[in-house]
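Throughout the sequence shown, residue numbering follows my numbering, covering 38 to 230 in sequence.
These are calculated hints, taken from the structure and not from any lab test. Do not take every clue at face value.
[As the list claims (entries may be wrong)] No more than 16 Å apart at the CA atoms, straight line, and that leaves these computed lysine to aspartate or glutamate pairs for EDC-like:
no.	residue 1	residue 2
1	K110	E230
2	K110	E219
3	K216	E226
4	K110	E226
5	K216	E230
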Amino acid sequence: LTTPAMVAAGDGALIVTGIMNPFWMANLASNQAAMAAGEALPHIFLQGFWDHYLLIGGVGSTLPLAFLLLRSKAAHLRSIGKMGVVPGLFNINEPVIYGYPIVYNLPLMIPFVLLPDLFIGITYGLTCAGIISPCIAQVPWTMPPVINALLATGFDWRAGVWQALEIVIGMAVYLPFMKISEKAIAKQEALAE
């Protein structure tokens, strides 16, 4: 059985990737064959697309949030940011998910769920328009952002730039929701002192 907290924290993503992996691998092989034949790449939605554009810093694209936490007014949140940035660079976000916590935190659940949806729509559109190249290589999900997009697309510099922009967009999306949550935490810290 899975609980809502487990699904929110990433087990839902593991279920999806387990089901989709055979399809993604077949599509990746098809893209590689098309590239070798000098043809247009037929598939956009591959595991690299999922891992590198939707899950920047892990499920919920939490790396931008970890960067924001470094400048938080609440001491607790700054310490979570310090603990979460380095693992977040390798798409491991448990320090942020459980340290903040994001799980069962209504203000933060909104961007946590919606940000990857925003990224999938924009990235899919950019790829369909030919602005970003489709993935042609399988890159480990733990590869840091920008580098993973460059490697997965055969060094398409535009993919790396887009990923850097995703981090900035993610910070802008998370910021107002973090501020709401931060105020409540700051009040609790002030009362504790």
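Where does the structure disagree with the numbered hints, that is, which hint numbers, in rising order? Failing hint: just 5.
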